[in-house]
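Engineer: When you get a sec, could you build the whole thing from the sequences and use the hints?
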Amino acid sequence: MMEDAATSAQASWFQATARQRVAGLLDPDSFTEFLGPSERIQSPHLHLFDVPSAFDDGVVIGRGKLGGKDVLVAAQEGQFMGGTFAEVSGAKLVGLVRAARDHKSLPQTVLLLMDSGGVRLQEANAGELAVAELMRAIVEARCAGVAVIALVGGKAGAFGGAGLTTATCSRIVISGQGRTGVSGPEVIETNKGVEEFDSEDKALVWSTDGGKNRRLLGGADAFAEDSMEGFRAATKALMSKVPAFDLKTMQAEQERLAARQKRLCACDDAVSMWRILGIQEPETIRDMDAKKFIALANSIKEANHDAR
Amino acid sequence: MTLDEILRGLFPSGHEVKTNAAGIITGTGKRKNGDAIAVIGVANGEALGTAGVLPLAEEVLRVVAKGGKTPILVLVDTQGQLMARRDEMRGLNEYLAHLAKCLLLASQQGHRTIGLEYGKAAAGAFLATALATDRLIGLPGAEPTVMDLPSVARVTKLPLNTLKKLAKQTPVFAPGLDHLLQMGAVAEIWDPDKPLDDQLEEALRNTSPADSRDELGAQRKGRAMAAVVAKRVIAEATGGDKNVAST
Amino acid sequence: MQTLSFRHKAKRRLSGKKDQAIIGVVASGNLEVLLERVLPETACEVDIATPLNGYDETWKAVVAEFVERTSPGGLRISINDGGARPDTVYLRLMQGSALMEAE
Amino acid sequence: MADWQSEQRVREERLAAGRKFADGKIVAPDNATALLEAVIRPKDRICLEGDNQKQADFLAACLAKADPKVLHDLHVVQSGIVLPEHIDLFEKGIAKKLDYSFSGPQSHAVPRALKSGKIELGAIHTYIELFARYFVDLTPHVALSVARSADRQGNLYMGPNTEDSPSVIEATAFKGGIVIAQVNEIVDKLPRVDIPGDRVDFLVAAPKPFYVEPLFTRDPASITETQILAAMMAIKGIYAEYGIKRLNHGIGFNTAAIELLLPTYAEKLGLKGKIATHWALNPHPTLIPAIESGWVKQIHSFGSEVGMDAYMRARSDIYFTGRDGSMASSRTYCQLAGLYAADLFIGSTLQIDLDGNSSTVTADRIAGFGGAPNMGSDAHGRRHPSEPWLKAGREAVDGHPQVMRGRKLVVQLVETFSEKMVPVFVEKLDSLELAEKFKLDLAPVMIYGDDVTHIVSEEGIANLLLCRTTEEREQAIRGIAGFTDVGRRRDRKMVDKLRKRKIIRRPEDLGINPLDAHRSMLAARSIEDLMQWSGNLYDPPNKFRNW
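Chains as they are written, first to last, in the UniProt record's numbering: chain A, 1 to 308; chain B, 1 to 247; chain C, 1 to 103; chain D, 1 to 547.
Take these hints with a grain of salt, some might be off.
Stated by the list, open to error - Restricting the straight-line Cα-Cα distance to at most 16 angstroms, the calculated cross-link-like pairs of lysine to aspartate or glutamate (EDC-like) are:
{"id": "1", "chain 1": "B", "residue 1": "231", "chain 2": "A", "residue 2": "39"}
{"id": "2", "chain 1": "A", "residue 1": "155", "chain 2": "D", "residue 2": "219"}
{"id": "3", "chain 1": "B", "residue 1": "194", "chain 2": "B", "residue 2": "5"}
Unchecked claim - Take a look, some chain C residues computed to stay more than 12 angstroms from chain A by CB distance:
{"id": "4", "residue": "5"}
{"id": "5", "residue": "9"}
{"id": "6", "residue": "11"}
{"id": "7", "residue": "40"}
{"id": "8", "residue": "60"}
{"id": "9", "residue": "64"}
{"id": "10", "residue": "69"}
{"id": "11", "residue": "102"}
To be verified - With beta-carbon atoms standing in for the labels, derived distance ranges:
{"id": "12", "chain 1": "B", "residue 1": "36", "chain 2": "A", "residue 2": "10", "range": "58 to 68 angstroms"}
{"id": "13", "chain 1": "D", "residue 1": "174", "chain 2": "C", "residue 2": "52", "range": "50 to 60 angstroms"}
{"id": "14", "chain 1": "C", "residue 1": "28", "chain 2": "D", "residue 2": "215", "range": "19 to 29 angstroms"}
{"id": "15", "chain 1": "B", "residue 1": "2", "chain 2": "D", "residue 2": "365", "range": "49 to 59 angstroms"}
{"id": "16", "chain 1": "B", "residue 1": "157", "chain 2": "D", "residue 2": "384", "range": "55 to 65 angstroms"}
{"id": "17", "chain 1": "D", "residue 1": "433", "chain 2": "B", "residue 2": "165", "range": "35 to 45 angstroms"}
{"id": "18", "chain 1": "C", "residue 1": "42", "chain 2": "A", "residue 2": "28", "range": "28 to 38 angstroms"}
{"id": "19", "chain 1": "A", "residue 1": "199", "chain 2": "D", "residue 2": "438", "range": "56 to 66 angstroms"}
{"id": "20", "chain 1": "B", "residue 1": "161", "chain 2": "C", "residue 2": "2", "range": "15 to 25 angstroms"}
{"id": "21", "chain 1": "D", "residue 1": "501", "chain 2": "A", "residue 2": "28", "range": "44 to 54 angstroms"}
{"id": "22", "chain 1": "B", "residue 1": "165", "chain 2": "A", "residue 2": "192", "range": "29 to 39 angstroms"}
{"id": "23", "chain 1": "D", "residue 1": "222", "chain 2": "B", "residue 2": "191", "range": "54 to 64 angstroms"}
Note that these hints are calculated values from the structure, not bench results.
In this text the structure is predicted, and so the values were computed from the model without any measurement.
Beta carbons: idealized from backbone N, C-alpha and C, even for Gly.
Structural biologist: Laid out in structure tokens, this is it:
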């Protein structure tokens, strides 16, 4: 059956749907969905724009097990409206993180499977506010001892509010195809011109926003091979120990980001940044296979820290 | 109102608030009761990039490290995040999120945080500053813009006029202070004709770190579903759990 | 947006025990199909929301062919369409009923 | 006295005019437009390569800058109308008449220029048909060619992108014409000589390397389940049934799906070594997994493909390579190979009518033909037998006639709808309306119905060889036309009968469950996978690198 193939260990995370990712990531048959599609909690706004709705508004939430450990999980569907934050899709994420924050009996690990271009234009105000609420809920949950882990490897990446949400989490897992940032390449090209950012040049796009650059600079804590098993393995390894959210951590992050700004602000391309990080042949990074890259990234000082 | 007018109105007994060439605001103001309030922000509609975030976050961390309960005021007039390939390459999302996290840390540690939106505000920079405070206040004339209508028109392929008409039916997508008030993002809009220092003190009294923006949006009929959906999620998550049910 | 509704009498109840399944995604050229086993033995309802107007006859033909092929008795099928081609619609319906037939 | 040497005299005049701008054979880039104005004369036939893949883009830009008072009414005879500058020539009045083959990226601009009267159309050809006319009635007066490098004597090195050049240059150089080549660099010693220097009159070192479109790179990530299903049917219902070893593929995603199913699905069917061993095919990156798995014995190519150079150099057992190690291509020879030495052509199209005629012309689009009508036709001059060819020949007739001839398998692999709900199966080709609109003597038909042997859609395979009447043929086509209007108007009883006679075969008739078609069956699911299959020898173009 094709659904089995789509969620098998070697199936591509990048090409999977949100539901396939949840099924492929968690232990078999361990997932229970909250507010599932048959509840039909859809966007109350999209019809105004003559745009089709989705039964789950593009976010799947629930609980399950990963490697035997209980987790709460949420997955954005990047193919539906770009996985965007909107009134309903956002509130589902906010509710899930608040549930973990307030109820010690619930799993104290939340996995956010990000796949989002940011805020849904048709519900921009509601979406932006949902991001603000989610970021606050994540910080409160982290203060209460909850581990919130972002997994980035979908087609829409994690941009705009999703990029900020990702960087608010305790830990970040990313794949080579994964991208995260604030303004996407197309947005920068539209506003600032093709000279600033040629969004058609995918190699440039990925060297800017892509998983390898994020991992090497310390913008992500683990690199996953683009497969269900790749994300399972990387996430399991990160779950056991996450940074506390306190003044010390934020001071360390301040230092980390200030140092990065100082060392790398003169660089115009990723390869020259990687060279400054002490990588011997930075031009070989791009085509390096995942295993080799993971080992390399684990040896880079900037890439491995608790300052998040 | 200009930044100077606002600062004079907020702190008649004096302040040490400076704005650098890149529009980065830092300093301290003197409250009516003589206590200090920390002030940070972005002025002149400047865009916020990796370089601009660092002094702002540093200031917030200094206030938290010092202990006490000094509140923090965040003044906001920014066109949004800096749109530049190099800043993105260095991880602008981490920088902006860091500033938001520092503000949220402050509020978790007992520092009341107030956002004052007096000019523009957009997208990622909005999230990192004004929307990361406990209580967001608008001044008349402020133009918070999550997404400008021409961009919405371009992506949705709907005519601008259609969108303008739609914007009258719903506050959910179009720019404007009133819309954000209705959504629950903006707690209140100040009256510029009344003393700002009094209004600041009143706002500080009403500030709480508990996030009730979705409830507010529901009360004001701007966001009917958000609070309900979030609560239903919690109910369903805990409902199936015997331990939770018994507590 | 256009909504369409089709009511069919199926030859028999669709086998299997699953009471609901969802397949596909609302995206350009794709659709989501939600299948729920909530109707009497041989009843079948298909409700469609589609952004493309004027394809009533095509939808009718696709649904009729699907009912003829699989006899989805007992199912209420709800579709959010993103402008999928008829062959994709048919494929998703077949995939959905196969999911419902799984033990 | 009759003058039997006038051509040579005119050639000398042209050369003398051109030498004013040259140092030996070498012309500075800044002088290129002046050179062209000096050497070319109004109403000349010119070939400005203009190939399927490589482009003499610098010379095209220089010619488009020429003064229309000096250069006008040129007759363009080249295979590809690809660059915007090619259209500019007509818009500015520098060129008037056009004989060509293919206009992929300019397929919307050509009908616009036709409509405004800027282009006077001779004919749309297949590649070798146009090349043939270079030697009969469309011989270029001036050829503007393109090579990777040259030496000072004018010897040219084409590398893997030889394409049309030898045919164009031979016709021009040996019939009193002038040959000008744009090169990326001028060097002391060439890796190998593809064109002898005495056929080349002038060289221009272009400021930038010439443009090549990665036309044959299909990202496996974009292949759909529907395409995989149709590909499974083609493999099991046609490749395996006829034992197809020698073949050509079109450039669509559906044929890319076949290439990626060889090391997986076809391997499981036990077909390795029995099908798809010898190819007339461009260097498709999607064939890398099959090559690496030992499926492919040899490939000859029309042109090259961006990023494949190092891979082909390292796989010289598979590809044709020069003494220097780099791959060598030829559009003429490869088209001949596809016509005479392949037993199967399989490709896609935009429209098919009830007779099986197909066309890629729509109301506002003329893409031209390229090689498909040649690949996709039965070569009546073929005399060597092969089992697939004979089997197809037997299927086309009843009984055992005294004289038997074989048939080439010409397969159209389509989805019933293309993008945006546009049906592929139609009652009448748009091409006919276009012919009326532009008063063309001949409506552009990509592949004539009587050459087509099979049509494969996601609904099934129609074997047209087995049809005996036009009615059967029509119903066979309707019977696999899915939910298109054409498909819904089928005669269900007749379609059932055709299915019993195996004229129509559904997936289940072939033992294929449509629900088994899944992307995980593809040997590679992304461009990155292809690169890894190649041991990182394949260097994908930047626009495909999402990592």
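Engineer: Hint by hint, note whether the structure agrees.
Structural biologist: These are the hints, each one checked on the structure:
1. B:231 / A:39: holds, 15 angstroms
2. A:155 / D:219: Answer holds: residue 155 (chain A) to residue 219 (chain D) is near 14 angstroms, not above 16 angstroms.
3. B:194 / B:5: Roughly 13 angstroms between the alpha carbons, so the hint for residue 194 (chain B) and residue 5 (chain B) holds.
4. 5: holds, 16 angstroms
5. 9: Check passes; 24 angstroms lies beyond 12 angstroms.
6. 11: holds, 24 angstroms
7. 40: holds, 18 angstroms
8. 60: Consistent with the label, residue 60 (chain C) stays out of reach of chain A, its closest Cβ about 20 angstroms off (over 12 angstroms).
9. 64: The assertion about residue 64 (chain C) holds, with a minimum of 23 angstroms to chain A.
10. 69: holds, 17 angstroms
11. 102: violated, 7 angstroms
12. B:36 / A:10: 58 to 68 angstroms: holds, 59 angstroms
13. D:174 / C:52: 50 to 60 angstroms: Since the Cβ atoms of residue 174 (chain D) and residue 52 (chain C) sit about 58 angstroms apart, the hinted range of 50 to 60 angstroms holds.
14. C:28 / D:215: 19 to 29 angstroms: Given range 19 to 29 angstroms: holds, Cβ gap about 25 angstroms.
15. B:2 / D:365: 49 to 59 angstroms: The hint (49 to 59 angstroms, Cβ to Cβ) holds, given that residue 2 (chain B) and residue 365 (chain D) are roughly 58 angstroms apart.
16. B:157 / D:384: 55 to 65 angstroms: Holds, since residue 157 (chain B) and residue 384 (chain D) (Cβ atoms, about 57 angstroms apart) stay within the stated range.
17. D:433 / B:165: 35 to 45 angstroms: holds, 41 angstroms
18. C:42 / A:28: 28 to 38 angstroms: 34 angstroms Cβ-Cβ, so the 28 to 38 angstroms window holds.
19. A:199 / D:438: 56 to 66 angstroms: violated, 38 angstroms
20. B:161 / C:2: 15 to 25 angstroms: Distance hint for residue 161 (chain B), residue 2 (chain C) holds at roughly 24 angstroms.
21. D:501 / A:28: 44 to 54 angstroms: holds, 46 angstroms
22. B:165 / A:192: 29 to 39 angstroms: Holds, at about 31 angstroms.
23. D:222 / B:191: 54 to 64 angstroms: holds, 58 angstroms
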